[in-house]
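J.: In case you want the letters, here they are:
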Amino acid sequence: MKNIYILLPFVLGFSTVAKAQVDAVQKLDEVVISDTKLLDYANGIKIEILSDSIITNNATSLTGLLAFNSNIYFKENGFGMVSSPSFRGTNASQTAVVWNGININSQLNGQTDFNTINTSNYNSIAIRSGGGSVQYGSGSIGGSIHLNNNLSFTEHFETVIRTGYGSFNSKNLGFNTGFGSKLWTGNVAVSYLDSDNDYKYLGTSQVNENGEFSNLNLNANLGFYVSSKDIVKLYHQSYFGNRNFSGTLVGPSKSKYEDENFRTMLEWSRISGKFSSKVKAVHLHELFKYFENKDKANFSLGSVNTVLVNHNFNVRFSDKLQFKTIIEYSNTKGKGDSFKEPVRNAFSTTALLNHKLNNVVRYGINLRQDFTTGGERPFVYSVDAGLDLFEHYHIQINGSKNYRIPTFNDLYWQPGGNLDLVPESSYQIDLGQHFNYPNFNVKLNGYYINTKDMIQWVPDNTGIWSPINIGEVASYGAEVEVKSHYTINKNQFNFSGHYSYTVSEDLETNKQLIYVPFHKGNLSVSYGVKRFTLRYQHMFNGDVSILGNSLSEYDFGNLNMSYLFNLTRETKLTLNFKVNNLYNTYYENVALRPMPNRNVQVQTIIKF
Amino acid sequence: MKINKLLVLALLTSIFISSCSEDSDDTPVVPKGNYENGLLISHEGNFGQGNASVSFVSDDLLTVENNVFSNVNGSPLGDTAQSIAFSDEFAYVVLNVSNKIEVLNRYTFESVATINSGLLNPRYMTVSNGKGYVTNWGDGGDSTDDFVAIIDLDTNTVSNTIQVGEGPEYILENEYLLYVSHKGGWGVNNIISVIDISDNNVGTIEVNDAPGAMALDSNGNLVVLCSGANQYWLTPAVETLASITRISTNNSAILDVMEFAQGEHPSIMTHDDDDELFYVLNGEVYELDDSSDVLPTSAILDVSSISAYGISVDDDTLYVANSNFTEESDLLIYDLDSASLIETVELSIGAAKIYFN
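Line order of the protein sequences matches chains A and B. For the first sequence, our numbering assigns the number 2 to the initial residue and increments by one for each residue that follows. For the second sequence, our numbering assigns the number 2 to the initial residue and increments by one for each residue that follows.
There may be inaccurate statements among the hints.
[Claimed, not checked] Below, a list of computed lysine to any residue pairs in the SDA-like style, where the Cα atoms sit at most 25 Å apart:
#1 A:K255 with B:L121
#2 A:K484 with A:G529
#3 A:K334 with B:L235
#4 A:K341 with B:V189
#5 A:K230 with A:S270
Simulated from the structure, these hints should not be mistaken for laboratory data.
With the hints as constraints, model all of the structure from the sequences given.
T.: Following this line, the structure appears as structure tokens:
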């Protein structure tokens, strides 16, 4: 608590209150996350949590982190450019990104650009596989990605400063500081990334022209116990991106894209015996400016503001039975050159039940009804169960109905927007087996997803592209996740691997969807001895079909070495050297957009 | 891998064919290449996806080859093949998103040169008096930077530019005058530019909104298909009448304006070698005689079950590109006498325009 004075402006108003109540406080939760239902109502759901140590040792973009630590396939329009996921064979708009419990997919295109999220500003990132529309709303079809900031109500004050430099004049800078006591806490994170991104296209004389980008992410989170029962929390994130959009092998580009996101959430939670209540007020802002020619002043603009109010009420009848209701109202206003000023009001009610029947069976039943301005009233539900059959063997099973509502672009884009669209609707089942040993952990999952009324843009007979509800897709597949760690005489071994086999078929043509690989696998191994750690990551991507052609499979490896220096008792310095694309593999994950050749990065991390 | 195999195949085929022609001494006509005596169909492919292509279909329909350019040259053609222009020897494929023109031997399809400097959103090209003239939108969002690029066909470089109004589209030459229809790019325009090749002076003729396809008819007049504005998404909606307009090439006077009814917006037109003009409206093909000054009231063929994106006519045969932007397109061949479908040929993604080679 050395440098507490710099924080005074933040805490002055509350600190006196907090002090006065010290004595009254007996036992408070030490670590608080906003989205408690992620784990509390998920008996039968596969959830993989990436801890801060995994986050630290991976690329800072959400794309880079998940490509090597999940089954998700990514389509990147060149390195650092727009990146979208395919989760369990679904499309870019069918994975929800959830920030501290709030779905932050763009209201314009229904997607989150995974290259705009800097992972180092979060304490944990969870990958929730399978449908989650009851809990997380539109677009949670393939699965959802959860960005969580923990609030730690312990005496602590810790700062981390990261600096990095690498090939293509790539610079990154990060600053995280967390501080707090038993009654109040806060953390602030700033991260900046900047790259010329002018890598060579292997096997050609071309380089990645017009690919430079920079982005700034700022997160600030605060929490106070205003009484022994009441916590007030404030979460904020800002993102500023400035990218030139690189071209393709056959099409040059001189365009530029500036975008910004502000997300703010004020939350008041009250815990009183078996009842707990949470009120959240959220503001979400997204804005983009697209410059067709970066050297000219003309641009096209789009922006959306959403105000959302949410109330959670949880009753814990006993250790075995709990029940939650959620009501939410949101008002979304857009404004843009291509879609005028649309407004959407949405109201939803949700009920979640979680029951531990006996020592073997835990289950949940979940319902949600939405009402939106467009007249859409999707009703979705899910049931899930966890069966703890043996000490080391568990079964997870779930079935759900999910949806994705048309976006502002789908409805209002001029020309082409279609007001007659209905939400995509999806049914799915998922069966998982979990072998759990102290040093060894295996999850096997099989799933089936059927999605109807897919919203697809097709040209009409005047040549204007317009979205329609067409097509039905069946996605099914198998996933393996293996984790293992051993320590032998101060030698630490860690292993984690994922493999997925994915079929995602258009039921009309019986063809695999474009940009969905049948096979994808990755593994990470690390070896640590004393203060030295060596890590290797490998990824295999199978062939991917694209329109009228296919992209070849590829293998890809990264090597990472780090050494820890104890500068003082409380100051630690980690030096990190990383070789990306070790084998200098030529690869594309979007057609004609080659990804970087072999490149290196040096990083220092100081903790005090 | 695939491309290499195709390349080897193409090489083997050409060796085979050249050896054939050497062997058969009594053959009177030496073939100019594999892609003579047939149709070339340009494929836009998908905007931004770099999958533009050209297909060849022989006159007897027995030989069909998709992706001719990459088969012959072993590299992708480019992004969004908007159109093809021809000289005696060469084909010029205008690639809109790639901002380039691929210059090919029109009969062997071997790449000769690439014009990739000085073009911006190139659309259509015409070859005249040893020069090429290419319409360019400039930046789509900028209404004041549109131009016609002049290509030196000896060096295959842009030698000069002529500033024109917004959204220049089709271009053709007659008696040292270039006619450029200004559809309007991202917006709507309503002029035909008339450029004097000798001094590059530009005059304009006002026509109905969104002039696109043009042809010279059997009387030597310029015929223009104006689609009319149809911006139903604006408030208030903007809709104007489409027309087929005849313009005198002697004095640029407007001779006939045959207007369509409200709500009718034809966008595809072609003229045969004789005196008939064909256009597609609401899924039906209509035929207009050069001597008529009223639009026909009944169609000659129903093509409403397909997505007609390009048409060409040769004698009594009508070729229609049934375009598909997610899967293979088709070429449909109709006999106009009996108004019946003769043959369907599978093409590639995003087929667009049909040329006779």
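J.: Now tell me, hint by hint, if it's right for this structure.
T.: Going down the list of hints, with the structure as the test:
| no. | hint | in the structure |
| --- | --- | --- |
| 1 | A:K255 with B:L121 | holds (11 Å) |
| 2 | A:K484 with A:G529 | holds (16 Å) |
| 3 | A:K334 with B:L235 | holds (19 Å) |
| 4 | A:K341 with B:V189 | holds (20 Å) |
| 5 | A:K230 with A:S270 | holds (8 Å) |
When each numbered hint is compared with the structure, no violation occurs for any of them.
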